Amino acid sequence: MSLPQPDLGVLRKAQRGDERAFSLIVRAYELPVFNYVLRLVGDRSLAEDLTQEVFLRVYQGLPSFSLRCRFTTWLFQVTKNRVLDELRALERRPRAVVNLEDIPPLEVIDAPFERVEAIDAVWRAVEVLNVDLKMALLLRDVVGLSYNEIGDSLEITLATVKWRIFKARE
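When we follow my numbering, the leftmost residue of the sequence shown carries the number 1, and every step to the right adds one.
The set of hints was computed from the structure by calculation and includes no laboratory data.
Some clues are possibly wrong.
[Said to hold, decoys possible] Below, in silico cross-link-like pairs of lysine-lysine (DSBU-like), each with a Cα-Cα straight-line distance of 35 Å or less:
hint	residue 1	residue 2
1	K134	K80
2	K13	K80
3	K80	K162
4	K167	K134
5	K134	K162
All values reported here derive from a predicted model rather than from experimental measurement.
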């Protein structure tokens, strides 16, 4: 269920500044990064901006990226750091009301009304989790990373990953 890793040849080309290779990487990972960020920040416009900023940082950091590391782990470390920076900045600003309608529920096409209600209830519950629990849960259930990849991405132990996901699902 993990995200596939990009082809090493594509990564090497992107590291050398090949824009086509980098655009292949962006196309492959833009949606998972965007969905993760959107669920964390709750604002579509902000999530779009942050996703662009994440890929700008990835582009800037690619030349020093070690091909011995998992790309997706590094990508979600960059994403985590950018989102946390933004959330800290938002805490210092006056708060705006998050419009839950901006967050599209997963799989609502042709779903019975009760199922749509249940999905909305789940996302409302996720919305109120603290950011640490929310990040771990979303990396698992929305992005599809393994527990080990989540630990590497969030820079926490495997035991902490398991605990956070357990607490988030309670």
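Going down the list of hints, with the structure as the test:
1. The suggested pairing of K134 with K80 holds, with an alpha-carbon distance near 11 Å, which does not exceed 35 Å.
2. Taken as a hint, the K13 and K80 pair is honoured in the structure, with Cα atoms around 25 Å apart against an allowance of 35 Å.
3. Restraint check for K80 and K162: the C-alpha separation of about 18 Å stays at or below 35 Å, so the hint holds.
4. Distance hint between K167 and K134 is fulfilled; the C-alpha atoms sit about 10 Å from each other, no more than 35 Å.
5. Taking the CA atoms of K134 and K162, the gap is near 13 Å; set against the 35 Å cutoff, the hint holds.
Violated hints: none; the structure is consistent with every hint.
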